[in-house]
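6 protein chains.
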Amino acid sequence: MKKYNVGIIGYGWVATAHIEAINKSDHAQVTAIYSSRELDDQALSEQWGTPIKSYTNLQEMLANPDLQVVSICSYPNQHKDQAVQAAEAGKHLILEKPLALSWADCQEIENAVNKAGVKSCVCFECRFSNQFKVIKSLIDQGLLGDLHYGEIDYFHGIGPWYGQFRWNVKKDPGGSSLLSAGCHALDALLLCMNDEVVEVTSYSTKSNSQIFEPYEYNTSSVTILKFKNGAIGKCASSIDCLQPYYLHTHLLGSEGSLLDNKFHSMKLGTDKNNWSNLALKLLDSGDVSDHPYLDQFNVFFESITQNIDMPLTSLRQAMKTFEVVFAADQSAAEGRPVQI
Amino acid sequence: MKKYNVGIIGYGWVATAHIEAINKSDHAQVTAIYSSRELDDQALSEQWGTPIKSYTNLQEMLANPDLQVVSICSYPNQHKDQAVQAAEAGKHLILEKPLALSWADCQEIENAVNKAGVKSCVCFECRFSNQFKVIKSLIDQGLLGDLHYGEIDYFHGIGPWYGQFRWNVKKDPGGSSLLSAGCHALDALLLCMNDEVVEVTSYSTKSNSQIFEPYEYNTSSVTILKFKNGAIGKCASSIDCLQPYYLHTHLLGSEGSLLDNKFHSMKLGTDKNNWSNLALKLLDSGDVSDHPYLDQFNVFFESITQNIDMPLTSLRQAMKTFEVVFAADQSAAEGRPVQI
Amino acid sequence: MKKYNVGIIGYGWVATAHIEAINKSDHAQVTAIYSSRELDDQALSEQWGTPIKSYTNLQEMLANPDLQVVSICSYPNQHKDQAVQAAEAGKHLILEKPLALSWADCQEIENAVNKAGVKSCVCFECRFSNQFKVIKSLIDQGLLGDLHYGEIDYFHGIGPWYGQFRWNVKKDPGGSSLLSAGCHALDALLLCMNDEVVEVTSYSTKSNSQIFEPYEYNTSSVTILKFKNGAIGKCASSIDCLQPYYLHTHLLGSEGSLLDNKFHSMKLGTDKNNWSNLALKLLDSGDVSDHPYLDQFNVFFESITQNIDMPLTSLRQAMKTFEVVFAADQSAAEGRPVQI
Amino acid sequence: MKKYNVGIIGYGWVATAHIEAINKSDHAQVTAIYSSRELDDQALSEQWGTPIKSYTNLQEMLANPDLQVVSICSYPNQHKDQAVQAAEAGKHLILEKPLALSWADCQEIENAVNKAGVKSCVCFECRFSNQFKVIKSLIDQGLLGDLHYGEIDYFHGIGPWYGQFRWNVKKDPGGSSLLSAGCHALDALLLCMNDEVVEVTSYSTKSNSQIFEPYEYNTSSVTILKFKNGAIGKCASSIDCLQPYYLHTHLLGSEGSLLDNKFHSMKLGTDKNNWSNLALKLLDSGDVSDHPYLDQFNVFFESITQNIDMPLTSLRQAMKTFEVVFAADQSAAEGRPVQI
Amino acid sequence: MKKYNVGIIGYGWVATAHIEAINKSDHAQVTAIYSSRELDDQALSEQWGTPIKSYTNLQEMLANPDLQVVSICSYPNQHKDQAVQAAEAGKHLILEKPLALSWADCQEIENAVNKAGVKSCVCFECRFSNQFKVIKSLIDQGLLGDLHYGEIDYFHGIGPWYGQFRWNVKKDPGGSSLLSAGCHALDALLLCMNDEVVEVTSYSTKSNSQIFEPYEYNTSSVTILKFKNGAIGKCASSIDCLQPYYLHTHLLGSEGSLLDNKFHSMKLGTDKNNWSNLALKLLDSGDVSDHPYLDQFNVFFESITQNIDMPLTSLRQAMKTFEVVFAADQSAAEGRPVQI
Amino acid sequence: MKKYNVGIIGYGWVATAHIEAINKSDHAQVTAIYSSRELDDQALSEQWGTPIKSYTNLQEMLANPDLQVVSICSYPNQHKDQAVQAAEAGKHLILEKPLALSWADCQEIENAVNKAGVKSCVCFECRFSNQFKVIKSLIDQGLLGDLHYGEIDYFHGIGPWYGQFRWNVKKDPGGSSLLSAGCHALDALLLCMNDEVVEVTSYSTKSNSQIFEPYEYNTSSVTILKFKNGAIGKCASSIDCLQPYYLHTHLLGSEGSLLDNKFHSMKLGTDKNNWSNLALKLLDSGDVSDHPYLDQFNVFFESITQNIDMPLTSLRQAMKTFEVVFAADQSAAEGRPVQI
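So the sequences go chain by chain: Z, F, C, A, H and G.
Under the working numbering, the first sequence is numbered contiguously, ending at residue 340.
Under the working numbering, the second sequence is numbered contiguously, ending at residue 680.
Under the working numbering, the third sequence is numbered contiguously, ending at residue 1020.
Under the working numbering, the fourth sequence is numbered contiguously, ending at residue 1360.
Under the working numbering, the fifth sequence is numbered contiguously, ending at residue 1700.
Under the working numbering, the sixth sequence is numbered contiguously, ending at residue 2040.
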């Protein structure tokens, strides 16, 4: 029997990916959905295969003692209030990215979570992807040596052909190029460089294409980072490019380099003039249905059971990424380096 | 009959590439070489197939009225004085990069050249490579639309296996990662973005590898740029990486993108989810014998004949690149954005 | 709400592809089907998701004032009479290829359509394929210059493994190698060469294979064409080959060449000794379910609304192709060039 | 010791390829060269490694009884007279293509050769290439069954970058697109189809490119052929295309097809939807130094020794190809099919 | 109407593949299933689309006169008794591999089948795969000449991720690496070498990996074989490797070699330094749903109708393979060559 | 100044490769050559660029106190006597493979070397190839875990096209398929498996091809091996195959597998269904000029200087391989397993 009943907050595109993954897990099932629209419980239950009750009143759902977990899939500008309420109601939290639209809001969520003592999982699910698990293993096996420079970038044109476009174009709730999408790349960069960021500088701009005209904010940015150990990094984020999806990854270390699924390692003595290749599944699509939610949620549910912070994507961990994201956006806005 | 006699200043590795290209040209030939070492004129003449007189006194060579052109292939810290003397002697100038080791020195060269009214050619020969001629054509045909973001990077480990390493490791004459090698990438970026730079910020660091320990300066840097028209750019330069040579090029525009030899263009209606490919010769080696000197020198000699500034790599043009290089190095040193 | 109700004439293999595409369109839906066999209305409606009434009497269906459009998917030897009747009933016409089995019949259809003032769409849907849209853009951007020679060929063995084989083998309604299938290639050639044909010569033959023995006519032909502007072309059509499907395309122009999805253009300065590649979806199957009906039909329905002749595949346009097809078959039969 | 002494007639580009191949052979060596220019015997002997005497008077050279063989490498409009004189002098003949510029001249050569009883070798050396030896083996093993359609085409832009361009552009001696170059493709087609041609029709045209403006004749043609056994064929020849060299080969038979180095054979039961590949050296360059002269000449010298007509490229065999070439050019000129 | 009713014995994983293939055949259908568990007839009939009656008593099912054929899909240690009973009941037999767990049991089955005069089909379905049909054609066309050495190996890690693992790990019924899985490779080797085996020697071992710890027998073996005609062979079988599935095939003959889907043949004159490639579907998965059961069963049903032994996989044929399998396992156990 | 003078014994094909490598080394130079033919000292010195004295009397050369090292490049049946004499003369020894033609001769050499206390280097130079250095690193990094099965094979047709063929076909000095060539593969297998061999069984045979008819011994063999730690291995050696050169390598371990330049490692978490690729230079030619002699000789000369046994290819190490080779040949000859 499954241990955890999960309530979904916000019933849009990303919610469907969450429900599918949660119901595939051996640990949990979705039994409640909150939406501002009235939903048909029977249709929902049939569609998802678990008995689902819908709510248009969030407090009412949160008051249900049979729910142990909620997953927040609403618009980013609703995240903070809902997360705080849910934490106060004692529910463990799955939090879609972006966590919130300001650093202050993020901190408010963290305070509520800490106070309530609930567990948390932020959807930086790329950390659970085959691509980054292999890259992390390569680093951990020492095949690249000490990293001194890293680039991970997000190139994915989010135009009218993409579900998120409709609301993403607005400053509120879109936020910025990094906040609305590129934070996945920045988060992966922090995972690989594995050190504290001490300063960022960021520049931003916007395409002349009519397609991206509706955006109320700069849709391309490039951010450079200084780490405590002296290493440096860079993260470009473009949601206004016209090209194949590309999560560009380039890491330089004292024993070799990695470029996407290619590498060179002096530890193995391979030919420095040619790349060796890793058989891995590249993240080559922005489609949420491709994202490794299931692995991430399984780890989260197991962590709840063991009463520990989940590895890799706990709120505590994710806060470090969002702190850098907000600093980068501040740098681009104010035209100066920002210390962290 | 060939029109121009060329004198070489400094007889090292890069000089051999210059002599070979000049002698292949229909316009000119090498007839003099200045070196601090005594050289054997007969051996030189036999090796290169033109009658060559060697000098250990530079003024003596510059006094020769049969020389119309000199090519400066000496150590970077000698460039400025020699260039000024040669210009004052009325010789047209081929100038290897880096032009000089400070912006003030560059300006001194420019003043001398302007005053003497001689023609100049700075060795940013990548502008004459098949790779960048094709990329420029693609941009000029409008297949990428207006560019709003561009990255061109230099990844080339310059270790003991590479001729330049011996002197390159010293602060003087090596200078910086950009000055000693990466300026090719920055120059190509300016060629493609085709606009004035207004601000740069740069961070730099160094590999932990023993191989690169001898370097007296930071061997990896990343620089971000703001252009007058609002576009932004980025140039990484690493001479301490361990991987295949890679002159990474990524340009985003309002009609498509280019990534190395791949592109997508909405103008052609190709499949946005896959790259189209251009048959071009990628600059995939740091070896000067691979560099397109011949084309560049031919254009230079023709420009002398026509009494015009050469296109693409005149001193006037190259000064814009070096101004950005020195600004970037200053930014990295002082820890703040630098306006231009 | 969808604007147009469509009636299907002939309920065979190709009809299913039409119905699927029409029902996917935002502009129209299938509401009637004429077949010589009795069909079950409820089963049809369930299968296709729109309320469908079936008829065994064509006049009865054509008399229905709620039908604005009919699509003729019957055997080729029935096309002419049905098309004339439908035009006379004031229905806009979708016409599968071949239009009819003689040039006189084609003209009779055209007269009826002109007289009735109805709109028409002939299924040369390859003009709406990604492959030929990209090729046409490349030509229109001037990347190939002026074309002086073009080959587009149809190599697709139509044997017992292929639905159409059953009736295709008969002289009536199969017609010829070009009429029954190869006319797609010839039509694409005319699209690319973009000029009037003034003369054709054609030779034809037949494979010795037992597999193709049932054919009553020559199953391979090769036709050469002269255009008014002096250019020349060639179209081979083989439905008796044993190999992968291949719509071979080779165009020569004053600035470059195109070969299938590869090209060289002097306008871009790419390497003449190697092909550049276009990311496009090659038409590599004869399966009608792969054909871009939806795009073509959408354009047709929009043209009806705007009361204009549809671009690319109107009857007026398609008549030019069929005139060449019939001239080629006449040339092969009579052993002499045929002027147009 | 080598058996045969060879005299070269005409000392241009192609002659150097002949001399190199002859001197590499175990059977023969070049000992004489006729040229209208005075040549330096010592320099020639040193360059080629055999003792060479030069002549400016052809009769004088032909009078030398120590010469058993002559190779005719002069301009095409000189071939006939020189070949007749050489045959009358009792020399065995190597004849570069084109044999001559008219069918009458070809016949005159054949008569002289037959009368003198000398052996002959026409330079259709592609018959000795790995590519066509493998293709012929595949056909002879029955893997393609009976061929009913074949295309072999010559696509090779002969512009100023190509040695032959200088004289090739003139009507005399260039002749036509087929005569000056494309006859290699037509000859290979006859080799593969292995049957008598009974009729040809040919159309020709010319590129609008300035590059090819100097040509005095049509530089692209397409010819279709009827064979005695009912099979048909096609040969395009373009010396005014701008693309990689391409000797396009496509053969259809009753058991499978061959496309360049790819094939499908029902005899092997391979997957009909994908091509199998043959490891062979494609003729992908028009450079005579790539051509398999050595194999061809070895076979010729052995045939002289055995007193038999050489296989594959004797004059008798080559006459069949030239008869078709002249018929095709006549067809293009007169605008009608030509019977053979 | 379908001719044969088939009863399935044992309702596990492989049974589902059999039922699907049998019901796709035009000759037969599954109408009965024997299982030790009670099954729901209505659910079975709906799932498989044929009216199925289930039995928990085997004799009862075998007594049904409407069943002509049974397919034995139970555990290997049940095969012998069930096969003998079914043969005695006059049913034609489909026998999954391994036939039985001892050579004596195999012989007992053969005796029962011979006595009953029923037809038999052993599931060495790889003989009906595209891969081995093409390889056999290549051999039969003489393209490899006489084979003197052959290797066919089975590399497929059967761990917890694979259905069969659960029972496969036990000595009874798993047997050995060859018996439980590798016999497919050995059988394919005998098919290709096409001669009697006279001696085998085999060595076996086991991986140190925890994953394969549950196996009660050696999971990797390598066997070498002597054939009557002097040829030799080798078959490795590893079910404890960690890599992609690989049915490695390498055959050496007097006219060429074959390596998986690559070959060289002197008969075709291809380049000996490069492999030619065959378009074929490699057996690259151990998944039974990929196996060509349908073709094999169709041939079996047709053989029953014609009252002949089926080609390629009759019991008589398969006995030869199992005799070698048991000899190899005996050799590994006793540490000495075993004669056959 | 170079430290060691080397004398060559036997001046054939392999000697030229040795001389070239030795003279490229910074440590040594060839100054003497012993040959049964008279050689021209001046010509030798000019060809090789070092002053060389030739000898037809071996003792005379060995008596020269300026020679520190000799390299034995004569026929295999001369190795033993020459090696013993050279050791007795106090020369350090480079020994080409095969060491000798019997195990007793090998032991005699070892005794002489041990008694004389000279250093030795056996030409198993593949141990110094990039391919096996990378493979060894991969194993040593633990990426494959513990190896339990390994195959390394030698497939290289040695026919009339190959220098060695002339004498290789004779039983003496050719020996066997393993002795004359395949021992490289067996030696590489022992390098990788890194354990003592306890038993071998070998079968051998011969191709029916006329090409290999001159061989006096079996030209293909397959050997299986048991190691002390329980692992098993296999080495096929074929010098009568007709295919590209292939040093097939397949290693199975408890953490992954390696196949030629491909691998899978659970340590990295790469996709088990696809191979990762290593950038390495495969040994894909039997040409001695491709062999990594220089690296091997440099290590040998440095070992002499340090007065240590050279790593990887000392005589002591190589004896282990030859012991297995002779055991395998004995097994094939006597038809039984042979213990070691």
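Treat the hints with care, since some could be wrong.
Straight line, CA to CA, 27 Å or less: simulated DSS-like cross-link-like pairs of lysine-lysine [said to hold, decoys possible]:
#1 F:Lys607 to C:Lys816
#2 H:Lys1493 to A:Lys1287
#3 F:Lys612 to C:Lys908
#4 G:Lys1870 to Z:Lys272
#5 F:Lys364 to C:Lys813
#6 A:Lys1073 to A:Lys1156
#7 F:Lys607 to C:Lys813
#8 G:Lys1972 to Z:Lys272
#9 F:Lys621 to G:Lys1981
#10 C:Lys961 to A:Lys1156
#11 H:Lys1496 to A:Lys1156
#12 Z:Lys53 to Z:Lys171
#13 G:Lys1836 to G:Lys1815
#14 C:Lys908 to A:Lys1022
#15 G:Lys1836 to Z:Lys136
#16 F:Lys607 to C:Lys682
#17 Z:Lys171 to F:Lys568
#18 F:Lys602 to C:Lys908
#19 Z:Lys3 to Z:Lys53
#20 G:Lys1962 to H:Lys1566
#21 C:Lys886 to F:Lys607
#22 Z:Lys133 to G:Lys1724
#23 G:Lys1962 to Z:Lys262
#24 H:Lys1632 to G:Lys1724
#25 Z:Lys136 to G:Lys1833
#26 A:Lys1022 to A:Lys1073
Some, not all, of what chain Z presents toward chain F, calculated at C-beta under 10 Å [unchecked claim]:
#27 Asn77
#28 Gly163
#29 Gln164
#30 Phe165
#31 Arg166
None of these hints come from the bench; they were simulated from the model.
Remember, predicted model here, so these are calculated numbers, not experimental data.
Beta carbons: idealized from backbone N, C-alpha and C, even for Gly.
Taking the hints in turn, this is what the structure says about them:
1. F:Lys607 to C:Lys816: It holds: about 11 Å lies between the C-alpha atoms, which stays within 27 Å.
2. H:Lys1493 to A:Lys1287: Holds, at roughly 11 Å.
3. F:Lys612 to C:Lys908: Status violated; Cα separation ~37 Å.
4. G:Lys1870 to Z:Lys272: 43 Å, violated
5. F:Lys364 to C:Lys813: 45 Å, violated
6. A:Lys1073 to A:Lys1156: Violated - the C-alpha atoms of Lys1156 (chain A) and Lys1073 (chain A) are around 41 Å apart, more than 27 Å.
7. F:Lys607 to C:Lys813: 11 Å, holds
8. G:Lys1972 to Z:Lys272: Distance of about 25 Å is within 27 Å: holds.
9. F:Lys621 to G:Lys1981: Within the cut-off at roughly 23 Å; holds.
10. C:Lys961 to A:Lys1156: Given pair Lys961 (chain C), Lys1156 (chain A) is violated - Cα atoms ~34 Å apart, limit 27 Å.
11. H:Lys1496 to A:Lys1156: It holds: about 23 Å lies between the C-alpha atoms, which stays within 27 Å.
12. Z:Lys53 to Z:Lys171: Roughly 33 Å between the alpha carbons, so the hint for Lys53 (chain Z) and Lys171 (chain Z) is violated.
13. G:Lys1836 to G:Lys1815: 33 Å, violated
14. C:Lys908 to A:Lys1022: 60 Å, violated
15. G:Lys1836 to Z:Lys136: 23 Å, holds
16. F:Lys607 to C:Lys682: The hint is violated at about 32 Å.
17. Z:Lys171 to F:Lys568: Given that 27 Å is the threshold and the Cα spacing comes to 25 Å, the pair holds.
18. F:Lys602 to C:Lys908: Answer violated: Lys602 (chain F) to Lys908 (chain C) is near 38 Å, above 27 Å.
19. Z:Lys3 to Z:Lys53: Distance ~18 Å between Lys3 (chain Z) and Lys53 (chain Z) Cα, so the pair holds.
20. G:Lys1962 to H:Lys1566: OK: Lys1962 (chain G) and Lys1566 (chain H) at ~22 Å, within 27 Å.
21. C:Lys886 to F:Lys607: Violated - the C-alpha atoms of Lys607 (chain F) and Lys886 (chain C) are around 43 Å apart, more than 27 Å.
22. Z:Lys133 to G:Lys1724: 46 Å, violated
23. G:Lys1962 to Z:Lys262: 13 Å, holds
24. H:Lys1632 to G:Lys1724: 33 Å, violated
25. Z:Lys136 to G:Lys1833: Status holds; Cα separation ~25 Å.
26. A:Lys1022 to A:Lys1073: 17 Å, holds
27. Asn77: 27 Å, violated
28. Gly163: 17 Å, violated
29. Gln164: This interface hint is violated because 17 Å lies over the 10 Å limit.
30. Phe165: 15 Å, violated
31. Arg166: With a closest approach of 20 Å, the Arg166 (chain Z) hint is violated.
Violated hints for the displayed structure, listed by number in ascending order: 3, 4, 5, 6, 10, 12, 13, 14, 16, 18, 21, 22, 24, 27, 28, 29, 30 and 31.
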